[in-house]
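**Student:** Working from the sequences, and respecting the hints, build out all of it.
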Amino acid sequence: MECYLGIDVGSVSTNFALIDKHGKMLKKLYLRTAGRPIETIKSGLKMLKEDLKDDIEIKGVGTTGSGRKLASVIVGADVVKNEITAHAVASISEIPTVQTILEIGGQDSKIIILRDGIVVDFAMNTVCAAGTGSFLDRQAQRLGIPIELFGEIAIRSKNPTRIAGRCAVFAESDMIHKQQLGYKVEDILKGLCQALVRNYLANVAKGKEINPPVVFQGGVAANSGIKRAFEEELGMEIIVPEHFDVMGALGAALLAKKAMSQNKQKQTNFYGFEAAFKEHRAESFECNGCPNLCEIVQIYVDNKLIARWGDRCGRWSENVAV
Amino acid sequence: MRIGVPRALFYYMYYPFWKIFFEALGHEVILSSPTNKKILKDGLEFAVDDACLPVKVFHGHIVDLLDRVDVLFIPRIISIEPGEFICPKFLGLPDMVKSSIPDLPPIIDSNLSVYKNRKDLIGHAKSIGTDLGHSSRLILKAYTIASTKFNSYKKFQISHEQLPLDSGQKSFFDSNSSYFSRHKNKCLGENTLNVLLLGHPYNIYDNYISMNLITKLQKNGIKVITPEIIPVKNISAGAKNLKKRLFWTMGKNIIGSTYYYMDCGKALDGIIHLASFGCGPDSIVGELLERKLSRNRLVPFLRINIDEHSGEEGFNTRLEAFIDVIEGRRRN
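Residue numbers (the numbering used here), protein chains in the order written: chain Z, 1 to 322; chain E, 1001 to 1332.
The hints are simulated quantities; they were obtained by calculation from the structure and are not laboratory data.
Hints should not be assumed to be uniformly reliable.
Stated by the list, open to error - Simulated restraints on C-beta separations:
#1 Z:Arg166 x E:Glu1045: 25 to 35 Å
#2 Z:Cys167 x E:Leu1298: 27 to 37 Å
#3 Z:Glu242 x E:Leu1298: 29 to 39 Å
#4 Z:Asn288 x E:Ser1167: 16 to 26 Å
What the hints assert, rightly or not - Straight-line C-alpha distance at most 25 Å; calculated DSS-like pairs for lysine-lysine:
#5 Z:Lys69 x E:Lys1219
#6 Z:Lys278 x Z:Lys27
#7 Z:Lys208 x E:Lys1292
#8 Z:Lys206 x E:Lys1292
#9 Z:Lys69 x E:Lys1216
#10 E:Lys1089 x E:Lys1037
#11 E:Lys1119 x E:Lys1233
#12 E:Lys1219 x Z:Lys258
#13 E:Lys1219 x Z:Lys266
Note that the structure is a prediction, hence the values are computed from the model and not measured.
The beta carbon of each residue, even a glycine, is placed where N, CA and C say it ideally should be.
**Tutor:** Given below as structure tokens:
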């Protein structure tokens, strides 16, 4: 069976999406990156391999996310795309009439505005990561609540408390203060959801025209408390697509499918699942060719140099004999 | 005498004039190195905390010049267009440098203000020449040569759409070999995407600060249009659309270019505004731009704020997504 693979390497999670030639999801994986992107990509490949039947043929691979470049040299990608475009492509495939995409991931959040099926505007969080997944993770941990139950508990609240959500650091001190005043956990959680939604709408979505259908995706979309807070604040229905947690990977797979179908002769660059059993090594050094002192990263596969990056001038990155 | 000219701030606008003028007076012009990590680091170390990125970078360029020049050229620029002003940080630049950096060579800090009359430029030239000990006759002669050549340079810049972009160590302007640098502003015919790049010249043309923005766009087959290659009369016509006159020259150029393109029906595929974090004038100019552009949503708009911590990855992600947006629009 012909398949296409999408890999989204983010700060918190590394996701895989395997689709068939009609774009249908066959298998998805949501793994924690845990600060070890290379190992996570490899274990993802191994897990996919174990689960799949032998008649699977990977015809194309796309990578996205902040680690897209790294993923592309490890697995051999046909398409390397930024996560904004990948998320938009996936969303359109699930809800073709989508006009607004709210995406909140591990460390960044974005808004994408579409009209008639094409992206017309977008924004990403700039200096502040308040309200993204890693902050919610930390707060859940501090309150001793499994992150999976965060939303469920928040929704129970009838009387949410007001939390200052301008800044993650102040939000945390405000939460501690509210706890010490004796507020219930569910009220604090709901208050936090509302504060984060307010912060998102005032910063990331500032000046953007939010029209329905509104799709909410990214890891944080699993949190029903945040979804509810968005619905209350915007006064419209929020759609969380089935594969909300791997939309980036799905988009990358769809982009790979599109790229390969446009050029039927082209063979995929995919190294095969064996890539997971090769030895990968990353090394870095400081180039002293000029006062910029760029940090060059070198990626070795089985002791063979396959990629280099980090230089401003191209002296190293453009000189890799593959 | 060796006169040190920092490759920063108004270098991208007036270097050709200064270079010809100083050489006509018989001096050697020493240019600082293109902005690099060390220059930025020195700038951050010496400049006051509240300064914007380009002013900090300017301080770094001064440090870069220290041991190799007899005199530093840091004009006190007040106004470069009649009835308009420049950001007040330029006015205080020589003083900021003097109070922040120790062991400086002598500094030429003549006032440059044409607020009342464009002809006051001669006074600026005279004061520089007098500081260097030249006779009025020689100064006037050098001024005439420099201003004539500078005017033809400006005309050439617009007619040939030459962006003042350095290439490696080489300056965009070389008075010795070829008269003008011929940085190719790629134009691929009908399928070219046209992007209006707005920002202060010292941000958009400094390859280090802008993280090679112009080159990155051009590599994607995009033709980059900047206020520097738009005829002055068009910018003025565009700026007249504002209800109130904008009295910052840089801001006026940014707004004027945008309005000109938006109102004259010229084909544009996208607009990028590159601003430095903490820029006072741009905080208002950016807001005006956003309002104008979001009202009709005819052209995709990307605003990028840069500071000394700018991560190139985040910058590239936004840029790539923006290019996808404008390509997608063109296809439809």
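**Student:** Is it true that the CA of E:Lys1119 sits at most 25 Å from the CA of E:Lys1233?
**Tutor:** 19 Å, holds
**Student:** Would the hint linking Z:Lys278 and Z:Lys27 be met if the CA-CA limit is 25 Å?
**Tutor:** Judged against 25 Å, a Cα distance of about 23 Å means the pair holds.
**Student:** Does E:Lys1037 sit within 25 Å of E:Lys1089, going by the straight-line distance between their CA atoms?
**Tutor:** Roughly 23 Å between the alpha carbons, so the hint for E:Lys1089 and E:Lys1037 holds.
**Student:** Decide if the proposed pair is consistent with the structure: Z:Lys208 and E:Lys1292, CA atoms, cutoff 25 Å inclusive.
**Tutor:** Holds, at roughly 13 Å.
**Student:** Keeping to a limit of 25 Å between CA atoms, is the pair of E:Lys1219 and Z:Lys258 held or broken?
**Tutor:** 23 Å, holds
**Student:** Has the given pair, Z:Lys69 with E:Lys1216, been kept, meaning a C-alpha gap of at most 25 Å?
**Tutor:** 17 Å, holds
**Student:** Taken at face value, is the distance from the CA of E:Lys1292 to the CA of Z:Lys206 at most 25 Å?
**Tutor:** Holds - the C-alpha atoms of E:Lys1292 and Z:Lys206 are around 15 Å apart, at most 25 Å.
**Student:** Are Z:Cys167 and E:Leu1298 spaced within 27 to 37 Å by their CB atoms?
**Tutor:** Roughly 36 Å apart at Cβ, these two residues keep to the hinted range, so it holds.
**Student:** 25 to 35 Å was suggested as the range; check whether the CB atoms of Z:Arg166 and E:Glu1045 agree with it.
**Tutor:** At 31 Å between Cβs, range holds.
**Student:** Quick check: does the Cβ-Cβ distance between Z:Asn288 and E:Ser1167 fall within 16 to 26 Å?
**Tutor:** Holds, since Z:Asn288 and E:Ser1167 (Cβ atoms, about 22 Å apart) stay within the stated range.
**Student:** Taking 25 Å as the top limit, are the C-alpha atoms of E:Lys1219 and Z:Lys266 close enough?
**Tutor:** Holds, because 24 Å separates the two Cα atoms, which is no more than 25 Å.
**Student:** Measuring from beta carbon to beta carbon, are Z:Glu242 and E:Leu1298 in 29 to 39 Å?
**Tutor:** Because 35 Å falls inside the window, the suggested range holds.
Checked against the numbered hints above, the structure violates none of them.
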